[in-house]
Amino acid sequence: MGVEEQALAKLRERFPKLLLESGSVRPGVGRVKIDRKDLVEICFYLKEELGYEHLSCISAVDWRDRYECVYHFTRYSDGSMFQVNAIIPHDDPHIESLCKFWRSATYPERESYDLMGIVFDHQPDLRRILLPPDYRFFPLRKDFPQEVDRQYISRRKLKTGGV
Amino acid sequence: MSGSLLTPNLVGLCRSLTEILLGIVKAIFDALSLPGLGSWFMSPGVVVFFTYLIATLVMVMWAALVNLLSVMWVERKLYSRIQDRRGIMLGVPWPWSKKYKRGMTNLGWGFLQNIADGVKLLQKENITPASADKLLFHAAPAIIVSSTIMVFAVFPFSENFYYTKVALGVLFVLAALSLGPFAIILAGYSSNNKYTLIGGLRAAAMMLSYEIPLILCVVAVVLLSGTLDPFQMVAVQERPLLGTIVPSWNVFSPPQMLGFVIFFIALVAELERIPFDIPEADAELVEGWTTEYGGMRFGFLFGFKWLRAFAGAGLLVILYLGGWNGPVFATFSVLGYPIPILPQEFWFLLKTYLVVMVIIWISWSIPRVRADQVLKIGWNRLIPLALLTILGAAVFKTMGWF
Amino acid sequence: MAEFWVNMGPQHPMTHGLWNLRIKVDGETIVDAEPIIGYLHRGVEKISEVREFQKVIVLTDRLCYVSSITWSHAYCLAVEELMGIEIPERGKYLRVISLEIQRIASHLMWLAAFGADIGLLTMLLYALRERELFLDLIEIMAGLRLNSNYTRVGGVRNDVPADFEKSCQRVIAHFLKKLDEYEDMMENSKTFLMRTQGIGKLSKEDAINWGVTGPNLRGSGADVDLRRTIPYEVYDQIDWEPAIEKDCDCYARSIVRMREMRESCKIVLDALKKMPPGPYRMKPPRRAEGEAFRATEDSRGEALFYVAADGDDRPYRVKIRSPIFCTLAAVPQMMRGHKVADVVSIMGSIDICVGEIDK
Chain H
0 MGVEEQALAK
10 LRERFPKLLL
20 ESGSVRPGVG
30 RVKIDRKDLV
40 EICFYLKEEL
50 GYEHLSCISA
60 VDWRDRYECV
70 YHFTRYSDGS
80 MFQVNAIIPH
90 DDPHIESLCK
100 FWRSATYPER
110 ESYDLMGIVF
120 DHQPDLRRIL
130 LPPDYRFFPL
140 RKDFPQEVDR
150 QYISRRKLKT
160 GGV
Chain W
0 MSGSLLTPNL
10 VGLCRSLTEI
20 LLGIVKAIFD
30 ALSLPGLGSW
40 FMSPGVVVFF
50 TYLIATLVMV
60 MWAALVNLLS
70 VMWVERKLYS
80 RIQDRRGIML
90 GVPWPWSKKY
100 KRGMTNLGWG
110 FLQNIADGVK
120 LLQKENITPA
130 SADKLLFHAA
140 PAIIVSSTIM
150 VFAVFPFSEN
160 FYYTKVALGV
170 LFVLAALSLG
180 PFAIILAGYS
190 SNNKYTLIGG
200 LRAAAMMLSY
210 EIPLILCVVA
220 VVLLSGTLDP
230 FQMVAVQERP
240 LLGTIVPSWN
250 VFSPPQMLGF
260 VIFFIALVAE
270 LERIPFDIPE
280 ADAELVEGWT
290 TEYGGMRFGF
300 LFGFKWLRAF
310 AGAGLLVILY
320 LGGWNGPVFA
330 TFSVLGYPIP
340 ILPQEFWFLL
350 KTYLVVMVII
360 WISWSIPRVR
370 ADQVLKIGWN
380 RLIPLALLTI
390 LGAAVFKTMG
400 WF
Chain C
0 MAEFWVNMGP
10 QHPMTHGLWN
20 LRIKVDGETI
30 VDAEPIIGYL
40 HRGVEKISEV
50 REFQKVIVLT
60 DRLCYVSSIT
70 WSHAYCLAVE
80 ELMGIEIPER
90 GKYLRVISLE
100 IQRIASHLMW
110 LAAFGADIGL
120 LTMLLYALRE
130 RELFLDLIEI
140 MAGLRLNSNY
150 TRVGGVRNDV
160 PADFEKSCQR
170 VIAHFLKKLD
180 EYEDMMENSK
190 TFLMRTQGIG
200 KLSKEDAINW
210 GVTGPNLRGS
220 GADVDLRRTI
230 PYEVYDQIDW
240 EPAIEKDCDC
250 YARSIVRMRE
260 MRESCKIVLD
270 ALKKMPPGPY
280 RMKPPRRAEG
290 EAFRATEDSR
300 GEALFYVAAD
310 GDDRPYRVKI
320 RSPIFCTLAA
330 VPQMMRGHKV
340 ADVVSIMGSI
350 DICVGEIDK
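Protein chains in written order, with numbering that gives the first Met the number 0: chain H, 0 to 162; chain W, 0 to 401; chain C, 0 to 358.
One chain only, chain H, in its complex shape (with noise of 0.2 Å):
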């Protein structure tokens, strides 16, 4: 059986109807996917007893009806990752902190803020960092258009229909 196979057996035997969706991404990488509000328990179970030490990396996706925020996790020790994603609804996007369990989240937690706005609840420190303190929008959000959308179309790519 695979690193990642017995991670997930793991998970599967500790919280059983937590997991929506569990796999193995490729050999060495295991995936599951959660509701936010598990989100807490999972990752301390990962870190103390299956030891991913390190969190490489939180992402935001806006899905149009949902948002995820998709965690990545390794463990040096045999270079097996694992990928956490948690379903956010997409009218209340507020989601818990990981900072005290890693003080690797702080700063990709205040980029999701910052570009997507999920808001990670106790966050010692959530401010904008990318863009100007002061600015009024979230631009990864789908709902934010495109440079394309708002230049200014020729008469030539209207026709034809081209981007």
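Just so you know, the hints here were simulated from the structure itself, not pulled from any lab data.
Glycine is no exception: its CB is placed at the ideal position from the N, C-alpha and C atoms.
Just the calculated beta-carbon pair ranges, DEER-fashion:
id, chain 1, residue 1, chain 2, residue 2, range
1, C, 25, H, 39, 32 to 42 Å
2, C, 332, W, 178, 41 to 51 Å
3, C, 142, W, 138, 51 to 61 Å
4, C, 332, W, 85, 37 to 47 Å
5, H, 124, C, 197, 25 to 35 Å
6, W, 108, C, 142, 34 to 44 Å
7, C, 227, H, 124, 32 to 42 Å
Take the given structure of chain H and dock chains W and C to it, following the hints.
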């Protein structure tokens, strides 16, 4: 050895020149039938006034024009070659050089580049920050420039190339060089800028702690030479060393070897060169205490750093390396004036420029030392060693060994 | 004594890029620090949602302009994982060669900036002179010196000429001699040791918790090199060793990078010998669906790309994980208690490139 180029001395030459010029003026006034005015021009007071005017002009132009530009050229060419590139190349090209096309500025030895930089700085706007302390802000460059040129009033380039003979010449030079840090603190404080304030305070702390070993080493030299007069000091170093033909320069005696090293290190720190250039560390403080200065004010502050280097190196040469001693191979007389082949000025300038080149070499090869480490070196290492030098010199003097 | 905030940047001659570091000083001692970034935000993640998969490579090249091939390569790996394709062997070897040459060039740029920061201005010119040789090699491979646009989804853009191996051997032989000289200049210089030993300490547990990766983590004693821990391309078939130091200070991080340059030379020569003939590029499918991610070892740490697609011929979301972005969070802890002059030592030893922080 009367090997100097000027006889009898600079002021005497200027006096002869003045008498010739005023004679011409008198002749013009005589021809215009105003004999009273003409003879007033030849009266002793006026002649002396014009003599010293011309001598001052000659000395200031020699020091601040010829020597400053030469030291700047040497520095820029030398560090460029250390960095594996050609360096400044704006000069007058040989007109018969095959590669020359009209308007080309990269053939040549580079001696016009510094003048070009000076002209560029002259035509810039002199900006004064609105909330700076105007009196101190304008006074600081003036103090640095004047205190550096003041050094050359008593600075002898050879037996006869000097402006005045002062019995406490070395003391005067040290005092004039110490006015520099005072102006640096003024500039740093009056610019109303946090960076320059930090730079000025760092300069104050560093200069204070490195003046002390500097002066202690001079004390050791004075113990052995018995005089503060630069002429006497060099004359003492002309004697042959223990029966050999080598002259007994001060650096050859054991306590003075240690003193030479300490004086050299303290000199590099006084001149604010890397490794001790924390007041103007450009990685941290932009330009340090000169940040707010622009135009020719900045040009003065920037350029006179090299003139102070020249003066400091000259002081080192007089104290330790025998001043203008050197073999004069032959002397032949022209119109009754003796002209030596290798005059004393040549030896003095050679030694001074060699010392300047060593300072430049060290500057561009070593990283910068941190501020508190600089102070630690100054107080913990240099001052005890300088005191040891004085002790050694005192022992040698009582034993009569040197 | 009053404490006040000093701004180092955004206009500063030596902060390696456009960002602002506010430090709270008490005399000469630093009490607190706060980096302010975002001056170079170009919206790469947003723009890559309207461009086809191959056209995004132009954007990812310019993320970190000093070490551009490593960033495009990470993106290509993520997209190839998304599409489920496997590139030919020769393509993998060519990618490894270009990556390692780019890594050497990036570390030489670090050396130039670091030497100039701590006052050794001659090192700026020496390191840039050596970097020119490696940029010439990249120009032979890719046609451009910087932002070379060499990797493609499915392989590399073109093959190398026949005498490339000889050029590489000549350049590397010359460079290794000079590297001995530069290591000597740094390790045997008392002033350099005084400026970097004991400065900016970050213990191993702290480093892993703060998310520090790459040479900064290896300087703190952790045996983590993503080319060895999570092998990708052909790194498991080439004989090399990661460089690890135990001291956790600026000096250890500098020594790690110097040794990495040597190892990269070995990898290049080995890969050139082992490279098989054959195709170097395959045609990827036009559309893709799903999500994928890949973590690679960039010159500065772990670069991770997470790409999600919904069946279109453009990515739906590209997320870029930058190593220095996470290291900046650990900087205030590294700086407390040191003097103002140590700011440049610490900043220089971390090797900041603002293009990848601000995306």
